[in-house]
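Following the UniProt record's numbering, the numbering of the sequence shown begins with 1 at its first residue and continues without gaps.
You may find that some hints are simply not true.
As the list claims (entries may be wrong) - Calculated cross-link-like contacts (lysine to any residue; reagent style SDA-like; alpha-carbon spacing at most 25 angstroms):
| hint | residue 1 | residue 2 |
| --- | --- | --- |
| 1 | K96 | A121 |
| 2 | K96 | P6 |
| 3 | K82 | P27 |
| 4 | K196 | Y206 |
| 5 | K196 | T149 |
| 6 | K82 | Y206 |
| 7 | K196 | V158 |
| 8 | K96 | T25 |
| 9 | K96 | R136 |
| 10 | K17 | H39 |
| 11 | K196 | R136 |
| 12 | K96 | P27 |
| 13 | K96 | A75 |
| 14 | K196 | R145 |
| 15 | K196 | A121 |
| 16 | K17 | G64 |
| 17 | K135 | E102 |
| 18 | K82 | Y93 |
| 19 | K196 | G64 |
| 20 | K196 | A178 |
| 21 | K96 | E57 |
| 22 | K135 | R67 |
| 23 | K135 | A75 |
| 24 | K82 | E102 |
| 25 | K17 | P97 |
| 26 | K82 | G99 |
| 27 | K135 | R145 |
| 28 | K17 | D34 |
| 29 | K17 | D131 |
| 30 | K135 | T95 |
| 31 | K135 | T147 |
What the hints contain is simulated information worked out from the structure, not anything from laboratory work.
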Amino acid sequence: MVDDEPQIIRTLRINLKARGYEVDTAPDGRTALDLAARHGPDLVVLDLGLPDLDGVEVIHGLRGWTRVPIIVLSARHSAVEKVAALDAGADDYVTKPFGMDEFLARMRAALRRAAPAEEQAVVATPDFTVDLAAKRVTRNGADVRLTPTEWHVLEILVRNPGRLVGQQQLLHEVWGPAYAAETHYLRVYLAQLRRKLEPDPSRPRYLITEPGMGYRFAP
C-alpha cells in the first residue's frame with residue numbers, strides 16, 4: 001500500500017489484516033519501489049498524489065520489471081488522469097472516497113486475473129548487473145551509461161531470459177511498427193551493448209544472435 005494519508009493506511013491495513021492479508025506500507029514513491037523490489041508483492045495499491053514521485057512514475061518504475069497487479073486508489077477524478085494511469089500499466093482505478101466492500105472485491109478480481117510468474121527486479125550475471133526497477137546497469141561496481149534506446153533493447157531481452165526475441169518484436173517495441181524492415185538498427189545497437197557489457201564483444205556470452213531470427217539473453 002502506497003499512500004501518504006495515515007488514516008487511509010490505517011483503515012485499509014485493519015480491513016486487510018482482518019481478512020488474512022500481509023500488508024507492507026510506503027508513504028512515498030521511492031520507498032514503494034524499494035519495498036516492491038525487495039519483497040515481491042502480490043498486489044500494489046497506489047495513490048497518485050505522493051510527496052516525492054507522481055504515482056504514474058511509480059507505475060512506470062514497477063512495470064519496468066514486474067506484472068504485479070496495480071490498483072490506483074486516488075482522489076483524482078478526471079478522465080485524463082485515469083487514462084494516464086491505466087495506459088502506464090495500472091490494472092484498475094478506484095476513486096476516493098470509496099466503499100470498502102467494492103474495493104475488496106476489486107482486489108480479489110485483480111488477484112484472480114494475475115498470471116503467476118517468477119520475476120526479478122535485479123538480474124545479475126558474473127560480469128554485469130541489470131536493475132530493472134531502477135533502470136540501472138553496473139559492471140565491476142561502476143555504472144554503465146546506456147542511451148535510452150540501448151536500455152530499451154537490453155530491458156526487453158533481460159525480461160525474457162533464455163527466450164528468443166524476434167527481430168520484428170524488438171523493432172516494433174523499441175522503434176515502432178514503421179521500422180519493421182530496419183534490421184540493421186538491431187545489429188548496430190547489439191554491437192554497442194556488447195562493447196559495454198560483454199567481456200569479449202567478438203564472442204558474446206550473454207547477448208546472443210540467432211541468425212535470421214532474433215536475439216537471446218543468456219544469463
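Here is how each hint holds up against the structure:
1. Between K96 and A121 the alpha-carbon distance is near 30 angstroms, which puts this suggested pair outside the 25 angstroms criterion.
2. Restraint check for K96 and P6: the C-alpha separation of about 14 angstroms stays at or below 25 angstroms, so the hint holds.
3. At roughly 21 angstroms between alpha-carbon atoms, K82 and P27 fall within 25 angstroms of each other, so this suggested pair holds.
4. The straight-line distance between the Cα atoms of K196 and Y206 is roughly 12 angstroms, inside the 25 angstroms bound, and the hint therefore holds.
5. A threshold of 25 angstroms between alpha carbons decides the hint, and for K196 with T149 the separation of about 14 angstroms falls inside it, so the pair holds.
6. Between K82 and Y206, the direct Cα distance comes to roughly 39 angstroms. Violation of the 25 angstroms bound is thereby established for this hinted pair.
7. A hinted pair counts as satisfied when its Cα atoms are at most 25 angstroms apart, and K196 with V158 qualifies at roughly 15 angstroms.
8. For the suggested pair K96 and T25, the alpha carbons sit about 18 angstroms apart, so the restraint of at most 25 angstroms is met.
9. A threshold of 25 angstroms between alpha carbons decides the hint, and for K96 with R136 the separation of about 35 angstroms lies outside it, so the pair is violated.
10. Note on K17 and H39: the hinted pairing holds, with a Cα-Cα distance of about 17 angstroms set against a maximum of 25 angstroms.
11. The suggested pairing of K196 with R136 holds, with an alpha-carbon distance near 13 angstroms, which does not exceed 25 angstroms.
12. Between K96 and P27 the CA atoms are separated by roughly 17 angstroms; this keeps the pair inside 25 angstroms, and the hint holds.
13. Of the pairs offered as hints, the one joining K96 and A75 holds, with about 5 angstroms between alpha carbons and a cut-off of 25 angstroms not exceeded.
14. The suggested pairing of K196 with R145 holds, with an alpha-carbon distance near 8 angstroms, which does not exceed 25 angstroms.
15. Between K196 and A121 the CA atoms are separated by roughly 21 angstroms; this keeps the pair inside 25 angstroms, and the hint holds.
16. A distance of roughly 29 angstroms separates the Cα atoms of K17 and G64; the hinted pair therefore is violated under the 25 angstroms criterion.
17. Restraint check: the Cα-Cα separation between K135 and E102 comes to about 35 angstroms, which exceeds 25 angstroms; the hinted pair is violated.
18. For a cut-off of 25 angstroms, the pair hint linking K82 to Y93 stands: about 7 angstroms separates their Cα positions.
19. Of the supplied pair hints, the one linking K196 and G64 holds, its CA atoms being roughly 21 angstroms apart against a limit of 25 angstroms.
20. The straight-line distance between the Cα atoms of K196 and A178 is roughly 28 angstroms, outside the 25 angstroms bound, and the hint therefore fails.
21. Proximity of K96 to E57 is assessed by CA-CA distance (about 20 angstroms); at most 25 angstroms being required, the pair is judged to hold.
22. For the hint pairing K135 with R67, the CA-to-CA distance comes to about 16 angstroms; that is within 25 angstroms, so the pair holds.
23. Distance restraint check for K135 and A75: the Cα-Cα separation of roughly 29 angstroms exceeds the 25 angstroms cut-off, and the hinted pair is therefore not satisfied.
24. At roughly 18 angstroms between alpha-carbon atoms, K82 and E102 fall within 25 angstroms of each other, so this suggested pair holds.
25. Of the pairs offered as hints, the one joining K17 and P97 holds, with about 20 angstroms between alpha carbons and a cut-off of 25 angstroms not exceeded.
26. At most 25 angstroms may separate the alpha-carbon atoms for a hinted pair to count; K82 and G99 meet this at roughly 18 angstroms.
27. Annotation: proposed proximity of K135 to R145 holds, straight-line Cα distance about 11 angstroms (limit 25 angstroms).
28. This hinted pair checks out: K17 and D34 have alpha carbons roughly 22 angstroms apart, not beyond 25 angstroms.
29. A distance of roughly 31 angstroms separates the Cα atoms of K17 and D131; the hinted pair therefore is violated under the 25 angstroms criterion.
30. In summary, the hint linking K135 to T95 is not supported, as the alpha carbons are separated by about 30 angstroms, beyond the 25 angstroms threshold.
31. Distance hint between K135 and T147 is fulfilled; the C-alpha atoms sit about 11 angstroms from each other, no more than 25 angstroms.
Going down the numbered hints, you'll see the structure goes against 1, 6, 9, 16, 17, 20, 23, 29, 30, while the others check out.
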